[in-house]
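Novice: Sequence:
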Amino acid sequence: MTPAIELAKALDLDYQVHEFTHDSSAQSFGLEAAEKLGLPAAQVFKTLIVETDTRALAMAILPVDTTLNLKKMAKALNCKRTKMADPKQVQRSTGYVLGGVSPLGQKKRLMAIMDSRAQNQTTIYVSGGRRGLDLELPPIQLATTLNASFADIADN
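Its first residue numbered 127, the sequence shown is counted upward by one per residue in this note's numbering.
Quick caveat, the hints were computed from the structure, so don't treat them as lab data. A portion of the hints provided could be inaccurate.
[Claimed, not checked] No farther apart than 35 angstroms at their CA atoms in a straight line, the calculated lysine-lysine pairs in the DSBU-like style are these:
#, residue 1, residue 2
1, K214, K201
2, K201, K233
3, K233, K162
4, K233, K206
5, K234, K135
6, K214, K234
7, K162, K209
8, K135, K209
9, K162, K198
10, K234, K206
11, K233, K198
12, K198, K209
13, K214, K162
14, K234, K162
15, K214, K197
16, K214, K233
17, K197, K233
18, K233, K135
19, K201, K135
20, K234, K209
21, K198, K135
22, K162, K135
23, K162, K197
24, K214, K135
25, K209, K197
26, K209, K233
27, K198, K214
28, K197, K234
29, K234, K198
30, K201, K234
Kindly produce the complete structure, drawing on both the sequences and the hints.
Specialist: Right, here's the structure in full:
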């Protein structure tokens, strides 16, 4: 059981666990999840960690078939600029390895921004804390749990 699942259980979130066999040669962890779970990519969300100009870390949650727009993310965070956080820094801060970063159960609570497209979904899938493990839950419930804001942070 991962910290993400333990937290979802402890908070009595309305979630379901979905597992698949991860292929280590997959080019995109998120697109692999969508394909193996038989889901539209617009319903599967990735968790990316950015660093702000003040060196603070923040979390972006967006569809796996989109690209994070760093300028839009900076605007959503009310800072001058953001950049992708160093992978070692991501692992230290979240407790998760890349490709398995869950928005839930991280070591440190980070400011979170969810792409506004999540609001159009009944449920979304996010990493459950390791590659090959996803959690399905309502996006509003995830946003409330994370104290996340919704904003347009992705490019198509």
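Novice: Work down the list of hints and note, for each, if the structure agrees.
Specialist: Here is what the structure says about each hint:
no.	hint	result
1	K214 / K201	25 angstroms, holds
2	K201 / K233	25 angstroms, holds
3	K233 / K162	28 angstroms, holds
4	K233 / K206	26 angstroms, holds
5	K234 / K135	19 angstroms, holds
6	K214 / K234	14 angstroms, holds
7	K162 / K209	30 angstroms, holds
8	K135 / K209	33 angstroms, holds
9	K162 / K198	30 angstroms, holds
10	K234 / K206	23 angstroms, holds
11	K233 / K198	26 angstroms, holds
12	K198 / K209	11 angstroms, holds
13	K214 / K162	28 angstroms, holds
14	K234 / K162	30 angstroms, holds
15	K214 / K197	23 angstroms, holds
16	K214 / K233	14 angstroms, holds
17	K197 / K233	26 angstroms, holds
18	K233 / K135	17 angstroms, holds
19	K201 / K135	33 angstroms, holds
20	K234 / K209	19 angstroms, holds
21	K198 / K135	33 angstroms, holds
22	K162 / K135	24 angstroms, holds
23	K162 / K197	32 angstroms, holds
24	K214 / K135	28 angstroms, holds
25	K209 / K197	9 angstroms, holds
26	K209 / K233	21 angstroms, holds
27	K198 / K214	24 angstroms, holds
28	K197 / K234	24 angstroms, holds
29	K234 / K198	23 angstroms, holds
30	K201 / K234	22 angstroms, holds
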